[in-house]
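Undergrad: Please model the entire structure based on the sequences and the hints provided.
With the numbering used here, letter number 52 in the sequence shown gets 52, and the count goes up by one each step, no holes.
In short, the hints are calculated from the structure, not lab data. A few of these clues could be false.
Said to hold, decoys possible - SDA-like cross-link-like pairs, simulated, lysine to any residue; straight-line CA separation at most 20 Å:
hint	residue 1	residue 2
1	Lys-15	Tyr-66
2	Lys-83	Val-20
3	Lys-83	Ser-38
4	Lys-83	Leu-98
5	Lys-15	Trp-80
6	Lys-79	Thr-92
7	Lys-79	Leu-47
8	Lys-83	Leu-19
9	Lys-83	Ser-3
10	Lys-15	Ser-5
11	Lys-79	Glu-110
12	Lys-83	His-39
13	Lys-15	Gln-85
14	Lys-83	Val-71
15	Lys-15	Gly-82
16	Lys-79	Leu-46
17	Lys-83	Asn-18
18	Lys-83	His-11
19	Lys-83	Arg-68
20	Lys-79	Glu-17
21	Lys-15	Ser-72
22	Lys-83	Gly-56
23	Lys-79	His-39
24	Lys-15	Ala-88
25	Lys-83	Val-73
26	Lys-83	His-67
27	Lys-83	Arg-48
28	Lys-15	His-40
29	Lys-15	Ser-38
Stated by the list, open to error - Using C-beta positions, here's what the derived DEER-type ranges look like:
hint	residue 1	residue 2	range
30	Glu-17	Arg-42	34 to 44 Å
31	Gly-104	Gly-82	15 to 25 Å
32	Glu-7	Leu-58	17 to 27 Å
33	Glu-17	Arg-75	17 to 27 Å
34	Leu-55	Glu-7	10 to 20 Å
35	Ala-52	Asn-18	32 to 42 Å
Every residue gets a Cβ at the ideal spot worked out from N, C-alpha and C, and that includes glycine.
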Amino acid sequence: LWSTSAEREWHVLLKRENLVEDEPVDDNTATVVPGVYSHHQRLFSLLRQHVATLLGVLSGMSDDAYHRMLVSVPRLFEKWPGKRQVVAGEWTLWLLSLEQRRLGFPALREFV
1 LWSTSAEREW HVLLKRENLV EDEPVDDNTA TVVPGVYSHH QRLFSLLRQH
51 VATLLGVLSG MSDDAYHRML VSVPRLFEKW PGKRQVVAGE WTLWLLSLEQ
101 RRLGFPALRE FV
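TA: Encoded structure:
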């Protein structure tokens, strides 16, 4: 159903947290309004638009700097609603993991 490993991982995390693809207006309601701002679609769009720059920066970082960057990833999603913070943080940590870095970021390259 999902064509890339990054999309499959995203949906595994959504399912684990009992969330759906469409984002409700907030976590206190199940109401989904089509066309309303989507945090994850914005994230995916930014990754796709800036992948070359991102890969260059990530590949050029020292190991220490890379570790510091990974530690800060969860803070990037502090303003996301509830469990979606968890999904986005874990997904990004998976996408940019040391294993992915060692392999040349195959999931990120495939995703975009």
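Undergrad: Work down the list of hints and note, for each, if the structure agrees.
TA: We went through each hint and held it up to the structure:
1. Lys-15 <-> Tyr-66: 29 Å, violated
2. Lys-83 <-> Val-20: 11 Å, holds
3. Lys-83 <-> Ser-38: 14 Å, holds
4. Lys-83 <-> Leu-98: 24 Å, violated
5. Lys-15 <-> Trp-80: Holds - the C-alpha atoms of Trp-80 and Lys-15 are around 17 Å apart, at most 20 Å.
6. Lys-79 <-> Thr-92: 15 Å, holds
7. Lys-79 <-> Leu-47: Measuring from Cα to Cα gives roughly 18 Å; hence the hint holds.
8. Lys-83 <-> Leu-19: With Cα atoms ~8 Å apart, Lys-83 and Leu-19 stay inside 20 Å; holds.
9. Lys-83 <-> Ser-3: 24 Å, violated
10. Lys-15 <-> Ser-5: Roughly 15 Å between the alpha carbons, so the hint for Lys-15 and Ser-5 holds.
11. Lys-79 <-> Glu-110: 28 Å, violated
12. Lys-83 <-> His-39: The hint holds at about 12 Å.
13. Lys-15 <-> Gln-85: Judged against 20 Å, a Cα distance of about 14 Å means the pair holds.
14. Lys-83 <-> Val-71: Holds, at roughly 19 Å.
15. Lys-15 <-> Gly-82: 15 Å, holds
16. Lys-79 <-> Leu-46: 17 Å, holds
17. Lys-83 <-> Asn-18: 9 Å, holds
18. Lys-83 <-> His-11: This hinted pair holds, its Cα atoms lying about 13 Å apart.
19. Lys-83 <-> Arg-68: Violated: Lys-83 and Arg-68 sit about 24 Å apart, past 20 Å.
20. Lys-79 <-> Glu-17: 18 Å, holds
21. Lys-15 <-> Ser-72: With Cα atoms ~25 Å apart, Lys-15 and Ser-72 exceed 20 Å; violated.
22. Lys-83 <-> Gly-56: 31 Å, violated
23. Lys-79 <-> His-39: 10 Å, holds
24. Lys-15 <-> Ala-88: 13 Å, holds
25. Lys-83 <-> Val-73: Measuring from Cα to Cα gives roughly 15 Å; hence the hint holds.
26. Lys-83 <-> His-67: Distance of about 24 Å is beyond 20 Å: violated.
27. Lys-83 <-> Arg-48: With a Cα-Cα distance of about 24 Å, the restraint between Lys-83 and Arg-48 is violated, given a limit of 20 Å.
28. Lys-15 <-> His-40: 15 Å, holds
29. Lys-15 <-> Ser-38: 18 Å, holds
30. Glu-17 <-> Arg-42: 34 to 44 Å: Since Glu-17 and Arg-42 have Cβ atoms about 19 Å apart, the given range 34 to 44 Å is violated.
31. Gly-104 <-> Gly-82: 15 to 25 Å: Given about 34 Å between the Cβ atoms, the range is violated.
32. Glu-7 <-> Leu-58: 17 to 27 Å: For Glu-7 and Leu-58 the Cβ distance comes to about 20 Å; the hint holds.
33. Glu-17 <-> Arg-75: 17 to 27 Å: 19 Å, holds
34. Leu-55 <-> Glu-7: 10 to 20 Å: Hint holds: Cβ distance 19 Å, inside 10 to 20 Å.
35. Ala-52 <-> Asn-18: 32 to 42 Å: Check passed, 36 Å falls within 32 to 42 Å.
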